[in-house]
Amino acid sequence: MSLATSRKDFPILTKHDLVYLDTAASSLTPQSVIDKMTEYYTDYPVNVHRGVYKLSYRATETYTKARENIARFINADFEETIFTRGASSALNLVALVYGRETLKPGDEIIVSELEHHSHVLPWQQVAKKTGATLIYVPLNKDGRITIENFKSVLTNQTKVVALTYISNVMGYITPLETIIRLAHEKGAIVSVDAAQAAPHMQIDVKKLDCDFLAFSGHKMFGPTGIGILYGKRALLDQMEPLEYGGDMNDNVDKFKGDWKDSPYKFETGTPPIAEAIGLSEAINYLETFGFDAIITHEHTLKTTAVKALESIDGVTVYNPSAETGIINFNLDGVHPHDVVSFFDEDHIALRAGHHCAQLLIKWLNVPATLRATFYIYNTEDDVKTFIDSVKRARAFFTDIGF
Amino acid sequence: MHQLESLYRQIIMDHYKNPRNKGLVDDPRYTLHHIKNPSCGDDITIQSFIEQGVVKDIRHEGSGCSICCSSASVLSTLLKGKHVDEAQALTTNYLKMIMNKPFDESIELEDALAYQGVTKFPARVKCASIAWKAFEETLKKASEKHE
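Sequence order for the protein chains is B and X.
So for the first sequence, this note's numbering puts the first residue at 141; every next one is plus one.
So for the second sequence, this note's numbering puts the first residue at 1349; every next one is plus one.
Certain hints may be false.
[To be verified] Computed, partial: chain X to chain B, Cβ under 8 angstroms: (1) Q1351; (2) L1352; (3) R1357; (4) M1361; (5) Y1378; (6) G1389; (7) F1397; (8) S1411; (9) S1414; (10) F1451; (11) F1469; (12) A1471; (13) R1472.
[What the hints assert, rightly or not] Below are the DSS-like pairs computed for lysine-lysine, each with C-alpha atoms no more than 30 angstroms apart in a straight line: (14) K268(B) - K1384(X); (15) K524(B) - K269(B); (16) K1430(X) - K1365(X); (17) K1474(X) - K1370(X); (18) K155(B) - K1481(X); (19) K1474(X) - K502(B); (20) K1384(X) - K502(B); (21) K291(B) - K326(B); (22) K1430(X) - K1384(X); (23) K1474(X) - K531(B); (24) K372(B) - K347(B); (25) K1444(X) - K1404(X); (26) K269(B) - K155(B); (27) K502(B) - K1430(X); (28) K1370(X) - K1384(X); (29) K148(B) - K205(B); (30) K155(B) - K1468(X); (31) K269(B) - K372(B); (32) K1489(X) - K1449(X); (33) K1370(X) - K1430(X); (34) K531(B) - K1444(X); (35) K1404(X) - K1468(X); (36) K396(B) - K346(B); (37) K1384(X) - K1493(X); (38) K1404(X) - K1474(X); (39) K372(B) - K396(B); (40) K1489(X) - K1370(X).
In case anyone wonders, no lab produced these hints; they're calculated from the structure.
Glycine included, each C-beta is placed from N, C-alpha and C at the ideal position.
Construct the complete structure from the given sequences, taking the supplied hints into account.
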């Protein structure tokens, strides 16, 4: 399918005059995903794994095929593909189970200031509980994680490396292949936050050789409330469940129970059935474009926009070298919340604030920032509208005395 | 033209650029309350000095957008010198106004009336309310202290 005609696939874009530049927070939903989820609720809205009747069989089949498709998408095995509420709860599962079970005082956990809160706070808590130490990779002058800087903090005590694949604020791609190889040489495992990567680049967990990897459905055309945790089978097998209850158990006695194998032992309760089916359809939709075309499109729009922004006096772009479609910027002297209301008036939706990454905002030494992100449905016209609005916003705020 | 223009042109820029009663004091007679909005970074602390049922002084400190910072300054000028009951009535009325609920227009909100424009920007109502909610908390704390 062509990127140029993709806008018509999104009901929100056909119904509203909207320039949507907030995909890094949540992507828009195409009609095909909405239809698949509606089909579940309309035609076979029943539980999986339990009922021995035709409708339940259909639900279970469709739900199982969804997992197979999602596993194939990242080149994982079925048993290694766990449904969670989102990337956040997937990353929490790694820290709260693997981290708590294996770390000891003196062990080191490497994280970075580029991490989303969901990839720092769980490890902070684990460090407190286990006596392990949290170590930050120093960022280079652009705010990047480099292999050299990673080497400077990697030691024989490093047991866990928890890093983002693509920063949700700076849009930088972390050189993970080398980092993962180096970490494995020291015997450390690597947890990857791929929430910003999965929607934009091909992920092959076997080639990457990461130990855990997490992403969310709603940033890649899928529904909210579902995400994926990939884990290597050998690690998942040695991990306890995080939650206990229905569906995850094998045999229940009065004083003990035992658990199904992965992925089911990590998924108690009725799963997000419609969401799993929706995410699988979102992947089908995503794959019709091909990742090369997607990343080229986003990066082209971003490059045009950054060039234009840099020519406006009183605008600072913090990540001009980003290789993805994320622009992190400010109007000098104007709080991002003031600016974002101006954009809102022009029907441009983008994000202002901390982007769930306060460590990076502190590293940049600013109160907050604006973030514009591009995806397949954005066009050169969107860039023009956006740049025009930035120019008028700059003039407006200067004029009224900011 | 942008509705922002009418919102900002009025009182707001004046109080944002030249805040009144800014800076906290080290005085045990004041009660203090701090509110932070972690998603955008608005961060406001209000200090009130209440004596014999009168709001003798209000101080504020913090960082955030123009709506948030200016509203702390505006509230300090409006409520300073008022009786506690009156200050509370004004606060309640102001919060109703910015949340687009029916409010008593006979209560004179003076400069704070400028924030009525915020109703056109529902996403900014929080910015305009933080300082006032913090002030409300200082009133509560002061009355508890008194009891």
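request  = Starting from K1474(X), check that the Cα of K1370(X) is at most 30 angstroms away, please.
outcome  = holds (21 angstroms)
message = A closest beta-carbon separation below 8 angstroms is what the hint needs, so does M1361(X) meet it against chain B?
response = The hint holds - M1361(X) has a Cβ within 8 angstroms of chain B, the shortest such distance being about 5 angstroms.
key: Closest C-beta approach of Q1351(X) to chain B relative to 8 angstroms, hint status   = Q1351(X) check passes; min Cβ-Cβ to chain B is 6 angstroms, inside 8 angstroms.
Restraint outcome when R1357(X) is required to lie within 8 angstroms of chain B by C-beta distance = holds (6 angstroms)
ask   = Does the structure keep K1384(X) and K502(B) at a Cα separation of 30 angstroms or less?
value = holds (16 angstroms)
task = Assess, step by step, whether the Cα of K269(B) is no farther than 30 angstroms from the Cα of K372(B), and give holds or violated.
result = Given that 30 angstroms is the threshold and the Cα spacing comes to 25 angstroms, the pair holds.
message = Does K531(B) sit within 30 angstroms of K1474(X), going by the straight-line distance between their CA atoms?
response = holds (27 angstroms)
message = Hinted pair, alpha-carbon criterion (30 angstroms max): K155(B), K1468(X). Please report holds or violated.
response = Holds, at roughly 22 angstroms.
message = Holds or violated: K1474(X) and K502(B), Cα atoms, limit 30 angstroms.
response = Roughly 23 angstroms separates the two Cα atoms, so the pair holds.
inquiry  = K269(B) and K155(B) were given as a pair; does the straight-line alpha-carbon distance stay at or below 30 angstroms?
reply    = The hint is violated at about 50 angstroms.
request  = For the pair we were handed, K1370(X) and K1384(X), check the Cα-Cα distance against 30 angstroms.
outcome  = Holds, at roughly 17 angstroms.
query = Does the structure keep K531(B) and K1444(X) at a Cα separation of 30 angstroms or less?
reply = violated (35 angstroms)
Of the hints listed earlier, those the structure fails to meet are numbers 5, 7, 10, 15, 18, 26, 27, 34, 35 and 36, in rising order.
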